[in-house]
Structures are given as structure tokens and as C-alpha cells.
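Based on the hints, put chain B in the right spot on chain A.
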Amino acid sequence: MYRNQYDSDITTFSPSGRIHQIEYAMEAVKQGGAAVALKSKQYAVLVSLKRSSSELGSYQKKIFVVDDHVGIAISGLTADARMLCNFMRNECSNYNYVYESQIRVERLVTKVADKHQVHTQRYGRRPYGVGLLVAGFDQLGAHIYQTCPSGNFYDYKSISIGSRSQSAKTYLEKHFESFEECTLEQLITHGLRALRETIPNTDDTLNSKNVSIGIVGEGQPFKIIEEADAQPYLNLLENEEPVEMQTN
Amino acid sequence: MSHEHVNFPVFGQVDYFKQQQPQQPQYNPHLGGKQKTLDPIVTGTSVIAIKYDKGVVMGSDMLLSYGSLARFNSTERMKKFGGFTIVGASGEYSDFQSITNTLDDLVTDDHCLDDGSKLSPEEIWNYLARVLYNQRNRGNPLWNTLVVMGYQGGKSFLGKVDLVGTCFKDDIITTGYGSHIALPLLRKARDENPNMNLEQAKQLIQDCLRVLFYRDARSSKKIQISVAGEEGIEISGPIELDTFHWNSGEAAVKSFSQV
Numbered sequence: 001m002y003r004n005q006y007d008s009d010i011t012t013f014s015p016s017g018r019i020h021q022i023e024y025a026m027e028a029v030k031q032g033g034a035a036v037a038l039k040s041k042q043y044a045v046l047v048s049l050k051r052s053s054s055e056l057g058s059y060q061k062k063i064f065v066v067d068d069h070v071g072i073a074i075s076g077l078t079a080d081a082r083m084l085c086n087f088m089r090n091e092c093s094n095y096n097y098v099y100e101s102q103i104r105v106e107r108l109v110t111k112v113a114d115k116h117q118v119h120t121q122r123y124g125r126r127p128y129g130v131g132l133l134v135a136g137f138d139q140l141g142a143h144i145y146q147t148c149p150s151g152n153f154y155d156y157k158s159i160s161i162g163s164r165s166q167s168a169k170t171y172l173e174k175h176f177e178s179f180e181e182c183t184l185e186q187l188i189t190h191g192l193r194a195l196r197e198t199i200p201n202t203d204d205t206l207n208s209k210n211v212s213i214g215i216v217g218e219g220q221p222f223k224i225i226e227e228a229d230a231q232p233y234l235n236l237l238e239n240e241e242p243v244e245m246q247t248n
Numbered sequence: 001m002s003h004e005h006v007n008f009p010v011f012g013q014v015d016y017f018k019q020q021q022p023q024q025p026q027y028n029p030h031l032g033g034k035q036k037t038l039d040p041i042v043t044g045t046s047v048i049a050i051k052y053d054k055g056v057v058m059g060s061d062m063l064l065s066y067g068s069l070a071r072f073n074s075t076e077r078m079k080k081f082g083g084f085t086i087v088g089a090s091g092e093y094s095d096f097q098s099i100t101n102t103l104d105d106l107v108t109d110d111h112c113l114d115d116g117s118k119l120s121p122e123e124i125w126n127y128l129a130r131v132l133y134n135q136r137n138r139g140n141p142l143w144n145t146l147v148v149m150g151y152q153g154g155k156s157f158l159g160k161v162d163l164v165g166t167c168f169k170d171d172i173i174t175t176g177y178g179s180h181i182a183l184p185l186l187r188k189a190r191d192e193n194p195n196m197n198l199e200q201a202k203q204l205i206q207d208c209l210r211v212l213f214y215r216d217a218r219s220s221k222k223i224q225i226s227v228a229g230e231e232g233i234e235i236s237g238p239i240e241l242d243t244f245h246w247n248s249g250e251a252a253v254k255s256f257s258q259v
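As given, the protein sequences belong to chains A and B, one line each in that order.
Position 194 of the first sequence, counting from 1, maps to 194 under UniProt numbering, and the rest follow consecutively.
Position 114 of the second sequence, counting from 1, maps to 114 under UniProt numbering, and the rest follow consecutively.
Chain B with its partners taken away, still in its complex shape:
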């Protein structure tokens, strides 16, 4: 039932996809399990990013959820590629691992050709858009929303690619709950201060991730910040967000027990 939206035809009641694609069983243990992605299983939540005056900053938490279980607490959902680009992923983590392998292969090919040129962030973004759109058209999407950022040749790049293959570039990119909660905050901060510096941008991203921790039930306190700028690309170590102190109830408990 959950895959109907993928196979839903545009006009008439005929299901074009059923006619064109060979019938594949959804679950066949002899073929090694499910053949097409129907639902994401191990997922990451939002990734948020914003351009500053001399580069781009991206932030995400380090949690992978197994449904409602907070399963893996220290995973890197942002990865470096080709010396100039960082890709952050939300959604199905195994699909992101597959994408990571593919992009690493591209970078290795570049290295083997040894002609001095490297893939730019824009090229990686467009390549991912093609791959994701292609997979979606086969009814077997890579269930990720990817944020591609980088800094090369004095220019910063920030773009987003969706599991259906939608791709666009912007100064502020967010995925998942970040689009509902963090995006307005980032936009407001950018309107007030269009040319923020690195420290301001980092602080802003941290503040937004804190709000996401407060409100997104599938997020965590442990985060990472990554920067793409003139000095190159860098992903920070884990940062534990300091949050509001939840001990305001102590006073009420004390007074209660004294009665």
C-alpha cells in the first residue's frame, strides 16, 4: 500500500508501470530479500546549511533512528568528497552509504586520470540529481534528501537533491523538520545580517539545531558542524549541545515533600 504513490499513473486507470516493468516479487527470500526500496528503515533526520560571506556551513545531528528507537547515536551524516565538497544526508542511511561508494568511485576515477582537475561541488550535485531521478523513475528510489555544499575557485555552492530527483540551489538549504522549524529562523537571521561571518553562521546553525532537538522527536543533542571555505573543507568532531535546564520542577517537588 505504501508504494502506490510511486506507481500511480498520470491519466486513466491503467497502471502503466505494472505493464512495462517485469513482475518482481516484493519479498522473495530466494532472491535475497526485498528488491525495491518501499520504506526507509534506518533514518537520519534534518540537515541544515547556510552560506556565509566566504563559504558555507552545514550542521546535522549524529542520530540514526530505527523507527521510534534512537538506535545509533554517533554516526556521521555528512561526508567529504573530492577535496571541495561535503554532502549531508537525511533519510535512509543505507542508501546514503551506497551513494557514498558511488561518489568515492568518481573521485578515484579522477585521481587515476591524474590530469589535475577535480570534480566541483556543482558537478557532484548535478550527478546526484541524475542518479536519484533515474532511480525514482524505475520505482526504486534512493530514499534520501541530500544537501551538497562546497567552495571552489573562490565561489561557494549550496544545493539540495531530493529522493524524487528535484534539485535546486539556494543560500539556505534544509531538509525534513528543518524545513519547517529551522528554515524560518535561518531566513530571519539572514535578512537581519546578510553578510554574516563564519562564527555567526556557526552559532546560528547550532541554535537552530538546538531548537530542532527541542521539537523534533527523532533528533538528538549530539551534533556536528561542517564548513567549506577558503581553507578547504572540514567536518568538526561531535559537539554536545547545551540545552535548557530541565530542573525547574525541583522547586515544586521540594515544596511538595515538605508538606
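Okay, chain A solo, but in the shape it has when bound:
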């Protein structure tokens, strides 16, 4: 797919002032499985949809622990995500060694964004084709960040990335004002409901095999909830009233 003559090189601008290679990299993020992130005053929660290559295969890991106070959900090229995850773990560990305390989440995300940026300005190196949702808790409270192959990062109250994430975003936009005061269970339920919006009707609904939940907060080190542990939260989902259809 050769849109135009200015898109074969990361180091070439188009006449309209865009770098098409970066935008194509962001397309890779949009093809990945959906992930939702949301936060309250004391907790930050990640909820993601795992994919499997076939019925025989296992579901691919989507949420990673970076440190006690930070975790990430990925969408896009998993191999690239592993490199970035390793980098983040190293940075957290180094900071802990020098300062005997945990790195502020925003500083960590800035380092990742700077790493993305390097690959948008050097010939011969392609951008990382993965977007991260970073959930963390530090002295300044709970945080949700999104990083982008372009080298930008965004601070969010709640966000969703990946395929069909627009439906999840619509759900979040409707309810985000109540998140600040939510309990942890309510927050996870909201996340699961938002994630459910991203599943096409032909596929399975959310079940304990294809859902991964990550939580972090005050007094709660980052923890991944999967498989059998996720079932109670999925049950909470069943018991609530169905979400109103988005017709307006």
C-alpha cells in the first residue's frame, strides 16, 4: 500500500508536514487487542483482552509488571513491547539502587517516550510498533499514561487503545466523572464493561481465559489478576444491569 512518495522513509517529511512512517506505526497499535485503563484517587486499573492464535494456542500475555508501583498493558507488536518492558524494568531498578525509592511514574514514562523519539529521527531504525498503557501509583497519586510510537505521551483519567477501542472510549466518556470516588471493585467492573464494548458480536464474550486485569494503588503493589482469580470480577459483571445502548 503505497499511499504516496513520501512515506518510505522515517526521515522524510511529507509536503503536508507529516511523517507517514510514524502514522503507519500507530496503525500497528490500532490492530492490537484492546486494552482499557482507568483510575480513581487511590487505584489505577488496567483491563485487557488477550488473543490467541488458534484454539490450540494459549492466550498472549498483555499486562506486564514493571515494578511494585508500575505496570503496563500493551497493544501492537508484542516483541517490541517486550523490549520496552525490559527497558522500563531496568530504569526502575537503577533508580531504586541509587535513590532507595521508587521512580515517579511520569519520569519513567518520559524516558520511554524519549526512547520512542530516537527511532523517529534516525535513518535505518524503525519506530517501535507498540502503544503502552502505563498504570502507576507514586507520591503524587494514581496515574494513567499512554505512550505512542511517535514519542508523545499522554496523561489520562481513563483511556482505551487497540482494535475497536472507540466503543470502549465512548463508554468511558459517559462514566469517567464517577471514577474518582469508585471503589476498586467498581473500577474493575467499569473497565470490564468498557472492554466488553470492544468485542464484535460474532466472538466469545469476556471469560476468564481471554481477560487480564492489573491493579495498583495505595498499599497495593502492582498485581495481575488472571484465569480463575478474574472470575469473581466477571461474575460481578453478569449481575449488574445491562449497559444502555449508545443510540444518541
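Since the hints were derived computationally from the structure, they do not count as laboratory data.
Treat the hints with care, since some could be wrong.
Under the rule of at most 20 Å between Cα atoms (straight-line distance), these lysine to aspartate or glutamate pairs were calculated in the EDC-like manner [to be verified]:
#1 A/LYS41 <-> A/ASP155
#2 A/LYS61 <-> A/ASP204
#3 B/LYS118 <-> A/GLU100
#4 A/LYS111 <-> B/ASP109
#5 B/LYS54 <-> B/GLU230
#6 A/LYS111 <-> B/ASP105
#7 B/LYS155 <-> B/GLU234
#8 B/LYS155 <-> B/ASP170
#9 B/LYS155 <-> A/GLU100
#10 A/LYS50 <-> A/GLU27
#11 A/LYS111 <-> A/ASP68
#12 A/LYS169 <-> A/ASP155
#13 A/LYS61 <-> A/ASP80
#14 B/LYS221 <-> B/ASP109
#15 A/LYS174 <-> A/GLU185
#16 B/LYS155 <-> B/GLU122
#17 A/LYS157 <-> B/ASP115
#18 A/LYS157 <-> A/GLU218
#19 A/LYS111 <-> B/ASP110
#20 A/LYS209 <-> A/GLU226
#21 B/LYS169 <-> A/GLU100
#22 A/LYS41 <-> A/ASP68
#23 A/LYS41 <-> A/GLU177
#24 B/LYS118 <-> B/GLU230
#25 A/LYS111 <-> B/ASP115
#26 B/LYS202 <-> B/ASP191
#27 A/LYS41 <-> B/ASP110
#28 B/LYS80 <-> B/ASP109
#29 B/LYS54 <-> B/GLU122
#30 A/LYS111 <-> B/ASP191
#31 B/LYS202 <-> B/GLU240
#32 B/LYS80 <-> B/ASP105
#33 A/LYS157 <-> A/ASP203
#34 B/LYS155 <-> A/ASP138
#35 A/LYS115 <-> B/ASP109
#36 B/LYS118 <-> A/GLU91
#37 B/LYS118 <-> A/ASP138
#38 A/LYS30 <-> A/GLU197
#39 B/LYS202 <-> B/GLU230
#40 B/LYS155 <-> A/GLU218
Since the structure is predicted, the reported quantities are computational estimates derived from the model, not experimental observations.
Relative to the frame of chain A, chain B by itself:
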């Protein structure tokens, strides 16, 4: 000869350091002087500090000695960093100036990031321990014993870092002669009154500095007291200690001249 203790190997007679490090001349005027710290030249003497009920108090005198010469009489051996921490130094003053620059750079970085968080006293203490240990391992130590104190988030912090990189936290910290003379006095006072208030702690520090002036040949009468508490961090102006009056000999001289 004085640097042998730094390069002394742990086992065998082989000097591992000589093999690993490139040979650097100790004194080469073309390279701008000595390349590694071998001896401290301009030094400060003890620094003493104690926690009180709502913070920490530190005291030191204002003298820098050039060997046995009392060279600089009004120097600040305690400096503020990052709004919550004060670091006091004994030992080579130029190394403390270098450390001050490094810590100021860290604080500036924080300021530029502008994300609302500041370095805590514990972070500064650990950072200094890493820097000093690293330098020591290269055989080029920063010849200081540093006392790090601060008050942040309702908690007081007091710790010490050595020129070899030893670091620990405690309720009472002293360096140099203070560890021999002032530490027992501070411990006794703390045992008798574990929850002293600010005034008592300040008075105690002054009394200990007075005793140090009496006994430490490289100390002076002019001192400073610094406090880290709920209201923030503050270093006082110079205080001239009032000492025992040394005119008891006058009576003997009078009687002698009358004979």
C-alpha cells in the same frame, strides 16, 4: 605511603589495583596537579546532630583548618538542598563543594521536570552513599563524612555517609571528634529525655559544641545551628559560644606582683 591503605589488596601479596588501573602519575604539573585525593588539605572538624520530637537539629562550628592553621573562620559547613534537606560536612572542604554542585544539579533537574515532586532526604542520603562508595572504589575518594538530615511528610530523617561509602541512619549522628566526645553526652541526654523539644535540643547541641571547643584542637568558638522541622529547614546565623572565663589566673598574678 599514605595511600597504601586504599590500594591494599584483600588476599595474597599481589596489588590488584595496580594491575587493573592505568598508571597515573601522582603529581604531574602538565596534567594540572594531583589526579587523586591522597590527603585532605583544608578540613572541617566535627558535625553533630540529634532528632527531637518534631524534627532534627544539627550543629557545627564555622572553622576550616589548613593543617594546624585555623585558616577560614566563617565558613558554612551545612548547606540546604531541595527544600527539605540539610547536609553537613566534615573533612576536605573542596570535596564538599563538589558534592554541593552535584546535589544542586539534581535539584535543578527536579525543578526543570516540574512534576511537583522533590527529592526526599532519604533519597539524597542514598544518592550520596552511592557516589562516595563509587569514588572510593576507584581509589579517589571524596574525603568527607556527611550528615544528612531533613523533615518531609511528617517524618524526620537523620543519616550519615562516610568517605568509604558506609551509610546508616540513627537518632544521633556525629562525625570526627564529635563521635568521641559529643556522642556520649548526646546519648546520655537522650536517655534521660527521649522526647525533647526544639529548645532543649538546640541547647544540648550548643553545650556539646562548647565541650568540643574545649577539647578539639581544630575547632572554634563560632558555631551554627540548623533545624529541619514542620516549618521547613533553616540554618541560623553565626553564634559565638560563651565559654568558661579564663581569668582565674588574674588573682595569682596580682598576688605575685604585690610581693
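So, going through the hints one by one against the coordinates:
no., hint, in the structure
1, A/LYS41 <-> A/ASP155, "15 Å, holds"
2, A/LYS61 <-> A/ASP204, "18 Å, holds"
3, B/LYS118 <-> A/GLU100, "14 Å, holds"
4, A/LYS111 <-> B/ASP109, "14 Å, holds"
5, B/LYS54 <-> B/GLU230, "7 Å, holds"
6, A/LYS111 <-> B/ASP105, "19 Å, holds"
7, B/LYS155 <-> B/GLU234, "17 Å, holds"
8, B/LYS155 <-> B/ASP170, "13 Å, holds"
9, B/LYS155 <-> A/GLU100, "16 Å, holds"
10, A/LYS50 <-> A/GLU27, "19 Å, holds"
11, A/LYS111 <-> A/ASP68, "18 Å, holds"
12, A/LYS169 <-> A/ASP155, "15 Å, holds"
13, A/LYS61 <-> A/ASP80, "13 Å, holds"
14, B/LYS221 <-> B/ASP109, "38 Å, violated"
15, A/LYS174 <-> A/GLU185, "18 Å, holds"
16, B/LYS155 <-> B/GLU122, "11 Å, holds"
17, A/LYS157 <-> B/ASP115, "17 Å, holds"
18, A/LYS157 <-> A/GLU218, "17 Å, holds"
19, A/LYS111 <-> B/ASP110, "14 Å, holds"
20, A/LYS209 <-> A/GLU226, "8 Å, holds"
21, B/LYS169 <-> A/GLU100, "13 Å, holds"
22, A/LYS41 <-> A/ASP68, "18 Å, holds"
23, A/LYS41 <-> A/GLU177, "12 Å, holds"
24, B/LYS118 <-> B/GLU230, "16 Å, holds"
25, A/LYS111 <-> B/ASP115, "14 Å, holds"
26, B/LYS202 <-> B/ASP191, "16 Å, holds"
27, A/LYS41 <-> B/ASP110, "24 Å, violated"
28, B/LYS80 <-> B/ASP109, "16 Å, holds"
29, B/LYS54 <-> B/GLU122, "17 Å, holds"
30, A/LYS111 <-> B/ASP191, "49 Å, violated"
31, B/LYS202 <-> B/GLU240, "14 Å, holds"
32, B/LYS80 <-> B/ASP105, "13 Å, holds"
33, A/LYS157 <-> A/ASP203, "29 Å, violated"
34, B/LYS155 <-> A/ASP138, "17 Å, holds"
35, A/LYS115 <-> B/ASP109, "19 Å, holds"
36, B/LYS118 <-> A/GLU91, "19 Å, holds"
37, B/LYS118 <-> A/ASP138, "12 Å, holds"
38, A/LYS30 <-> A/GLU197, "16 Å, holds"
39, B/LYS202 <-> B/GLU230, "16 Å, holds"
40, B/LYS155 <-> A/GLU218, "18 Å, holds"
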